[in-house]
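2 protein chains.
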Amino acid sequence: MDTNDAFQLHLQKLPPQDEKTFETIYTLGNGHFGVRASNPLQGNNSHFNGQPGLFVNGFYDLTQLSYGENYSGYAQNSQTICQLPDLRFIIFELDGIRSDETPYNVKLVDKNLDMRTGVLMEIFDIKSPTNKLFRLTLQSFASHADKHLFVIKYSVSALNFTGALTVIKQHPYINQQIQSRTDDMRASRPETALDRTFIKSKLPIMLISTRKSQLALIVAQQALKDNPMQVGMIDDLPCHNKTFDLTQGMSQSFSFVYAISYPHPLLKTTLSQSSFAASAEKRLANKSFKQLLDESAAKIGEFWDNSDVELTGDTALAKDIRFNLFHLYQAAGNDGLTSIPAKGLTGSGYEGHYFWDAEMFMLPFFIYTEPAIARQLLLYRYHTLPQAQRRAREMGVKNGVMFPWRTINGEESSSYYPAGTAQVHINADIAYAIDTYVRVTGDEDFLYDYGYEIIVKTARFWLSYGHWGKDIAHKGKFVIDDVTGPDEYTAMVSNNYFTNRMAQNNLSIAVKYSNQLKHSHAEKLVTLNVTDEEIAQFNQAADEMYLPYDDQKKIKMQDDLSTSKPVWPIKETPRNQFPLLLHFHPMTIYHYQVNKQADTVMTDFLFPKDQDAAQLKRDFDYYEAITVHDSSLSRAIFGILAHRLHHADDAYGYFMQTVMMDLSNSQGNTSDGIHAANMGSSWLSLIYGFAGMGLEKDSFNLSPELPEAWSSLRFRIWFHGRQIEITITQTAVTVKLLSGNPIKFYLKHKAFKLTKEQLVNHFLK
Amino acid sequence: MDTNDAFQLHLQKLPPQDEKTFETIYTLGNGHFGVRASNPLQGNNSHFNGQPGLFVNGFYDLTQLSYGENYSGYAQNSQTICQLPDLRFIIFELDGIRSDETPYNVKLVDKNLDMRTGVLMEIFDIKSPTNKLFRLTLQSFASHADKHLFVIKYSVSALNFTGALTVIKQHPYINQQIQSRTDDMRASRPETALDRTFIKSKLPIMLISTRKSQLALIVAQQALKDNPMQVGMIDDLPCHNKTFDLTQGMSQSFSFVYAISYPHPLLKTTLSQSSFAASAEKRLANKSFKQLLDESAAKIGEFWDNSDVELTGDTALAKDIRFNLFHLYQAAGNDGLTSIPAKGLTGSGYEGHYFWDAEMFMLPFFIYTEPAIARQLLLYRYHTLPQAQRRAREMGVKNGVMFPWRTINGEESSSYYPAGTAQVHINADIAYAIDTYVRVTGDEDFLYDYGYEIIVKTARFWLSYGHWGKDIAHKGKFVIDDVTGPDEYTAMVSNNYFTNRMAQNNLSIAVKYSNQLKHSHAEKLVTLNVTDEEIAQFNQAADEMYLPYDDQKKIKMQDDLSTSKPVWPIKETPRNQFPLLLHFHPMTIYHYQVNKQADTVMTDFLFPKDQDAAQLKRDFDYYEAITVHDSSLSRAIFGILAHRLHHADDAYGYFMQTVMMDLSNSQGNTSDGIHAANMGSSWLSLIYGFAGMGLEKDSFNLSPELPEAWSSLRFRIWFHGRQIEITITQTAVTVKLLSGNPIKFYLKHKAFKLTKEQLVNHFLK
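Protein chains in written order, with the UniProt record's numbering: chain X, 1 to 765; chain R, 1 to 765.
Hints listed in this document are in silico derivations from the structure and should not be mistaken for laboratory results.
Hints should not be assumed to be uniformly reliable.
The list treats identical chains as one, so a pair stands whether inside a single copy or across any two.
No farther apart than 30 Å at their CA atoms in a straight line, the calculated lysine-lysine pairs in the DSSO-like style are these [stated by the list, open to error]:
| id | residue 1 | residue 2 |
| --- | --- | --- |
| 1 | K609 | K475 |
| 2 | K475 | K554 |
| 3 | K477 | K554 |
| 4 | K111 | K268 |
| 5 | K571 | K475 |
| 6 | K147 | K319 |
| 7 | K470 | K554 |
| 8 | K477 | K571 |
| 9 | K553 | K398 |
| 10 | K470 | K617 |
Kindly produce the complete structure, drawing on both the sequences and the hints.
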């Protein structure tokens, strides 16, 4: 196997897709921003089919939400991530005809993404209206060394003529979004309008601001020194421009770097604009393309060193896995003020909102392989505690916080509360993620400074939102009414098993960490007003949490009434009627037992010690039969559980559908952006699934079992400051301590000691 | 007591209210249209505070509904009743200044409504910008003899000057609505735009049409012969106009009649416009005000003969009762294509929609006193069966029909389904009303031609929407999931007691009438495909209907889980936080046991034989304690049940709050229109409550008991073609057969025979 090829994503080897899907797949990003890999001549010209754009994490405008009946406490504005002008955009002028005024013919010849370095290479053949043909080659990357930079090199060579070609690098428009109508509530809302001014500078530097959210950011454009270009003014707008004399067969190159600031309130940005301009001019001067690329490639190289998963036995699959890891890395906010949008930074689907999947489906990858990023992602939630506290009061919840179901700025942005605000499990999901982070990293500082406060305040929410049952069925138990679990095909129920079990965990870890900090840092409890009485209340509610169980079917019940409804006739429903939410009224869907995604079985997954294999099998069989996987978050969970049940074929089947989702556009909407959480699920499937990773007290356990098709699986994790490499074959497991102190771990629940000098080789068969 | 005064509603004797509330209270209508009693100089000038308008039953436009997340099957358009130009509007010109261009000062001096004749008399003192003062007296009525006519007489007399006054009777604007912003989802939506053309005619005749619903109606204006006026053109628009020479102390009069057509599709209206014009010219020629008034007064006199309720012992209350009956009569559609909007034809609140209250709260009054109107109201539902059938299919319900929760044209117009479409009890409510109509009137033709089909098709809905329980709690029972009962503070529950009990009744009467018609009109069952097997299914579902009951508290449970929630802290909630729906998120409200209105106890009311007195008392006490009466439909039901429990003080208290609601503006929103259903409830309270009216097989029972404050209560009913007068005093009941054949009836469940020659006098004490 050619090592290099293992990281190449070559267009010709992908299944055929429409243009917008490829734009998504080849998006370049670095957690701060993402640039779709569109036709660089499109701009906002609707003559072309693409949907180009730059997305900056945390840069959104507000669009007013409208309701037929507008109730108190409803989210009044949706935050919508802004679609900014495509940085790849370029204007050519041939025979006096500008490509942005009279569309040129653009033919995509090839694309190749080198995931190892993060460099995208593209070839387009372009024909002017005067039938002059030239080839445009792009080489671009989002810098991983300096998160503000996007770098792009253009090469042009004439194919059928000799003569002058003028290049204008300018953004004559500001509103990038190209109108499209859709009834899919998962796509984005109508456009938002942006304003733009150019800052006084030697360079073209734009200050882009939103109308309603009053945010702004600065984008500076600089020609790199490889082939300098003059700054001029065309149509009263600053630009770089140059006229090349092309000769057939000889290519000419020129490259640019863009510096994209963090978004800040407009006022702050305006005040700092001149110093930003000065600093940009200075920082971007005298940089070469190669220099910037080397710095970025080195940095992403570290990511691969930490995070790569090497699978042998299926070359194509090994690459698909890397594709998922690459996009996760590109999507994750890393400034403590942003998280991972559901579509990464590859599109405006779901408005660019952060959901529970950031913590539950993507964070584990970072916790184990890039803990510094995981910490930043959790800090984002910490910084939105004030909004979550206000929201709780607004919803009549007396204590604690209520994190929003979907948001960018920390405020609730969900306009359909039964499948939004009612998913209060988000609170417990965040607490679960913090606990996992602390247990895997041993980062006690984070716990003390940030994590504990979130855990306490989310635990308080449950005490306020739930109550002690008084009726016969719930007497003496802690019950939680009016919630929606992960399965959005069932809404506003009492005692959703998943929610109650997660709330129980939230309360338990609040007790655990309270007791721990009471001894080491008693002042923290005083600051947060945590009393022994409150700890006792947490403990009691956790101990007596009501968990609905069907004694007839001997399964965990999804909620108090779930098993009483008729089952949706899944087999009789035509394929084109899925996803159900696009074809049936919510009331119609709620009227049946039908799951959009893993719900109750998520607890089997998250709490493996809750049930024995027989219980797991009953839950799995029951819920698998009523689940339609209309959510991309579903299959991976079923796959991991199938692995635990030693249903090797099922586990492999579910995994293959998970890992291929965006490359095969199997959900049909990759054009709106990647399914970031599903990519996180791929990693979960590999590590929690096939490698059987699980947490033990201060340690971890592996229960590996590879599909027959695979020869080996190798990956690295960080655990309590140690880097550990794990290699699994059909017959053996090898565990290697790459750095750090000796540690105990478990293999199939048998303890081993790992020291630096020693490998652990364990034979499975 | 002055008999005449008993029908006078004199402004000076009413509690002080704001102008818009009085506009509502004094609205004149006749079931076809309503005209608010506004400042006749306002027009659509926002200089004044009023909200003038003409509302025509069934004339609506569509406004697009917008949703943050727009799901399949959602209502896409709201029907909104159109606010048409005020027919009272008039323009004066003094010293060259037109009152519609430069606002005059208008001071309301007095109003008096003679409910006996339906004539409204009003006095305004008007001052021109040149300080000329004159008095304007209006006398107006909506004709009850010819439902198309609105008649108005203006008298002017100079108070401080002598000279010329020009009168222009013209509608220079078409869009009447005056912008107002509100967050109250019970008020109306933003305006709709109307178009208007004048038809070629000798008279000013407008064809008014809507933009989206493509409906049109025609309004013709004619000066009456009492003081003829010329038709002319001013500003290119036709008008009547005349200049009067005023002398102080001498008044001059002129009067107009408007003919308002029924609304029809625009195309049809356009095609018939010339014949309408010709006919209007002919019909309206040579009519005098007195002639039109006499015809109308005679007709409304018949209404009072049939429907008056005479109460002695409380003169003010007696008048309040008449006020309610008068407005009910004014509100009820009577063309078989319209029903009773929630606000009558007095305002645009609730968009002018028809709800369940038409059948459940208002129809009984008409069934017993004006059965011909009751029949028209039920025909409206019959004519919307095709829409209800389409809606059922759209909602995935395989058989039967699904009537809309709120509508004008028969299509669902509810934009918040948990408190809209989910109130599927509307189906059973309509069936219940038909059964009552048939049992009271004996109108077998209606049953055969229309009613039976509705009963069968609604019964089929229940068989499809509900299912047979399989879990332990519901095994072998017929259960109905995902519904909302009348109480909108609890939504989307399983086995709402009210819904299930009403569905049971719907199924039972389907069986009853099927068995009846099988013998008399077997062909009807064939036409509707009703088989013995289906009748058996109806019967079985009715017999085994699940009715939730709390064995601990020994009360009917509102739904499967209702009694498990904590009770809303009603006493601790500040007064200004009511109604709760304007101050709390729905999820917050649903999280508690708190009832907006009578829900489960509605079944105690509707099915008196379901429970003994002890059960009724437990239900009453439990639900009264958790009910906040944020709906105007609530108190009357509790009052009637209090009467049955012999809680005389409670019954009287609830009744007094019901009967006074609009005159005292106790809900605070009478300005948006009357609470028509509450007015129906007043009648229910008197007849079903204090008189104790109830149905027996082919007969009725009275169990009267008057509040101590009252001397007597007298009313008339029609029962199976007989008119019967009932007089109740503190000590005796007198029942008199006014027309028709002898009949048996019951007094406190004791049988009596009533013949034409004989009164029944029964002593209560």
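Hints, one by one, checked against the model:
In this homomeric assembly, K609 and K475 come within 30 Å of each other (Cα to Cα) only inside a single copy, at 26 Å, whereas the closest approach across copies is 33 Å. Taking identical chains as interchangeable, the C-alpha atoms of K475 and K554 lie at most 30 Å apart whether they share a chain (21 Å) or sit on different chains (17 Å). When the C-alpha separation of K477 and K554 is checked against a cutoff of 30 Å, the pair qualifies both within a copy, at 20 Å, and between copies, at 22 Å. For a Cα distance limit of 30 Å, the shortest separation of K111 from K268 qualifies neither inside one copy, at 40 Å, nor across copies, at 61 Å.
For the homomeric pair K571 and K475, the shortest alpha-carbon distance between copies (26 Å) is at most 30 Å, but the shortest distance inside one copy (40 Å) is not. In this homomeric assembly, K147 and K319 come within 30 Å of each other (Cα to Cα) only inside a single copy, at 25 Å, whereas the closest approach across copies is 79 Å. Taking the shortest Cα distances, K470 and K554 sit within 30 Å of each other both inside one copy (24 Å) and across copies (15 Å). Taking the shortest alpha-carbon separations for K477 and K571, only the inter-copy value of 27 Å comes in at or below 30 Å, while the best intra-copy value is 38 Å.
Proximity of K553 to K398 under the C-alpha cut-off of 30 Å is restricted to the inter-copy arrangement: shortest distance 29 Å between copies versus 38 Å within a copy. With identical chains, the CA atoms of K470 and K617 are at most 30 Å apart between copies only, with a shortest distance of 22 Å across copies and 33 Å within one.
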